[in-house]
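Enquirer: What follows is the residue order along each chain.
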Amino acid sequence: MNGEKKAVVKEKVYGPSELKLAFPMPSCPGCGHPLACKAIVEVLEELGIAGKSICVIGVGCAGMGFYMTKMDIAMAAHGPAPALATGIKQALFDDAIVFTVQGDGDCAAIGAGYLVNSAARADQITVFMFNNANYGTTGGQMAPTTLLGQVTTTTPMGRDAKRYGYPLHIPEMLVPIKGVVYSARSAVNSPANFQRTKKYAKTALQKQIDNVGFSFVEVLTACVVNWHMTPVDAMTWMEEKQIAEYPLGEFKNVASID
Amino acid sequence: MKNPFFRGHYRGMYMAEMAFIHGYEAVGWGGINAGCHHFFGYPITPQNEITEFFARELPKIGGRFVQAESESAVGAMLFGAAAAGVRCMTSTASPGWGLMQEMLSHISWCELPCVVVDCQRGGPGQGTTRHAQTDYLSATRGGGQGGYKSIVLAPSSVQECHDLLQLGFYLADKYRILVVVLTDGILIQIAEPVELKTIDFGPLPPKDWALKGTAKKGGRWDLIHSTRGLILGGYTPIIKELHKKYHQIADLEVRYRTYQADDAELILIAYGYVARCCEGAVDMARAQGFKVGFIQPITLWPFPCEVVSQKASQGCKFLVVEDSMEQMFEDVKLSVEGKAEIHHLGLLSRHLPGEVGMLFPETVFEEVKKLL
Numbered sequence: 001m002n003g004e005k006k007a008v009v010k011e012k013v014y015g016p017s018e019l020k021l022a023f024p025m026p027s028c029p030g031c032g033h034p035l036a037c038k039a040i041v042e043v044l045e046e047l048g049i050a051g052k053s054i055c056v057i058g059v060g061c062a063g064m065g066f067y068m069t070k071m072d073i074a075m076a077a078h079g080p081a082p083a084l085a086t087g088i089k090q091a092l093f094d095d096a097i098v099f100t101v102q103g104d105g106d107c108a109a110i111g112a113g114y115l116v117n118s119a120a121r122a123d124q125i126t127v128f129m130f131n132n133a134n135y136g137t138t139g140g141q142m143a144p145t146t147l148l149g150q151v152t153t154t155t156p157m158g159r160d161a162k163r164y165g166y167p168l169h170i171p172e173m174l175v176p177i178k179g180v181v182y183s184a185r186s187a188v189n190s191p192a193n194f195q196r197t198k199k200y201a202k203t204a205l206q207k208q209i210d211n212v213g214f215s216f217v218e219v220l221t222a223c224v225v226n227w228h229m230t231p232v233d234a235m236t237w238m239e240e241k242q243i244a245e246y247p248l249g250e251f252k253n254v255a256s257i258d
Numbered sequence: 001m002k003n004p005f006f007r008g009h010y011r012g013m014y015m016a017e018m019a020f021i022h023g024y025e026a027v028g029w030g031g032i033n034a035g036c037h038h039f040f041g042y043p044i045t046p047q048n049e050i051t052e053f054f055a056r057e058l059p060k061i062g063g064r065f066v067q068a069e070s071e072s073a074v075g076a077m078l079f080g081a082a083a084a085g086v087r088c089m090t091s092t093a094s095p096g097w098g099l100m101q102e103m104l105s106h107i108s109w110c111e112l113p114c115v116v117v118d119c120q121r122g123g124p125g126q127g128t129t130r131h132a133q134t135d136y137l138s139a140t141r142g143g144g145q146g147g148y149k150s151i152v153l154a155p156s157s158v159q160e161c162h163d164l165l166q167l168g169f170y171l172a173d174k175y176r177i178l179v180v181v182l183t184d185g186i187l188i189q190i191a192e193p194v195e196l197k198t199i200d201f202g203p204l205p206p207k208d209w210a211l212k213g214t215a216k217k218g219g220r221w222d223l224i225h226s227t228r229g230l231i232l233g234g235y236t237p238i239i240k241e242l243h244k245k246y247h248q249i250a251d252l253e254v255r256y257r258t259y260q261a262d263d264a265e266l267i268l269i270a271y272g273y274v275a276r277c278c279e280g281a282v283d284m285a286r287a288q289g290f291k292v293g294f295i296q297p298i299t300l301w302p303f304p305c306e307v308v309s310q311k312a313s314q315g316c317k318f319l320v321v322e323d324s325m326e327q328m329f330e331d332v333k334l335s336v337e338g339k340a341e342i343h344h345l346g347l348l349s350r351h352l353p354g355e356v357g358m359l360f361p362e363t364v365f366e367e368v369k370k371l372l
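As you go down the protein sequences, you meet chains A and B in turn.
Per the working numbering, the first sequence starts with residue 1, numbered consecutively.
Per the working numbering, the second sequence starts with residue 1, numbered consecutively.
Same shape as in the complex, but just chain A:
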């Protein structure tokens, strides 16, 4: 045997983002939100825009991951994150990348008016909506995105369409709005879909870098605590039920608003 030790060359191929603070995530174990946040943060670094980005967090669990990043963050009321982001974007004279991270209650219920009007104005911002099919922070009430038959604390017998209406499909709804240049839906239930989320996030943010128009990405995330499931069961439920209702894919991707 040769007495000399072979030199070990270590090369970092993957690890926590440089932007992440050394604090644990505030989310529940098994929550899908931190994964979706991670996908966005990685894209910001890959595009080299983290230093000129400002994140607007909605009210709820969705954006909590961004509190743990070394980024400029704004956060105010429940719903108006797109309007707030517009205020920042106008103030910085388009010299910044501004995006919102909102939950499905924040974005699709109380904030739907702000979302639609921001899209119609073709505001140069990007909206990320994390859809976990309920109001997670407040303990699992029905959201506009709750599936038919899904049990929540305000639909204890399951969501009945006759009384509570139907699930809302935001990315599809935004397609006919002229100011919208990109609209897509992904999920974070598998490594493949995590990569898909990154790809969509990158395309959406690139639209903003190129000053094309309003871009939107919905990400399906698991809420194991309020779904009352194990993380593994939650992945199965998302695959079989949630993705069946909310198909993944790009619904709109245009190079310019003609």
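Bear in mind the hints are in silico, worked out from the structure with no lab data behind them.
If you only want the chain B side, here are some residues facing chain A, beta carbon under 10 angstroms, derived:
#, residue
1, 67
2, 68
3, 69
4, 76
5, 77
6, 78
7, 80
8, 83
9, 85
10, 103
11, 110
12, 217
13, 231
We put the beta carbon where it would ideally sit given N, CA and C, even for glycine.
Starting from the known structure of chain A, arrange chain B on it as the hints suggest.
Expert: Structure of chain B alone, referenced to chain A:
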């Protein structure tokens, strides 16, 4: 009736340019002269001309105007622009003022400087579309949830609309606080000669806390968030600091004007367009030998309690005149501390019962004669 606002320095002391403009233009030029290049607005009567002014003028100077989808969205846009460190403002009228309160509470909690002009119309609800002074309590008590304070400035002439806008931006930046300019449908619609010039109030602290992206700040990252009481540092220490600031403002920033008050036996107290009626009423009363004076609060919060209290101690009676039911009356009552008689002349004394009804100097003078 003599115009009291041309008695002093506005008549010929300066060589500066005078312009004959409306109140809404004075608000506009006041904002622009203060360096405000960001306006977010929503149409509502009777302030539409202000919103239209900024839509017309800001693009010419490289500023930004956004017509929002609601006053709630206006509030959110103000939050965003103020957080990014620029001077920004909006104007609204009473129902819009009501709708905006949620975001104004967040702005106050996050200590973001900006200016909101409320052109009061009659309330509650849709009330009327004309002038009134029915938002006094909601503006001076912190109109939204949670208990906060805004500096409230009350112009009573077109010149003051212009000047107080500039003072408003200065105070907002100095204290990191929301400033409300509480005006009304009459002041916005009348035209008077105005001296248009930038007023220098002195240096201000740098906005090093603003969100601009970390690259522009040497890697420093900032969090401007309304959950600050929830996550970092605890809730009560922030409340303590906030109220320390409010006390400091109450000590240092009280502004008011007096007229013929030195030997007065009866003091009229009024703000806004009604202040003009009261000055006229004082002149009428003095001409007939009545010892009547006038106090006009320019800051409605902080209210000039001290001067009112002093006058009460000297044995003066008070007549509060306002185009609302008892609102400012409450502040006068608190200031007088039971030491003097207080009377009220309000909205029910308008010359007509409909929305066009106004308070006139003659009405005030008739009331004065009853009291002396």
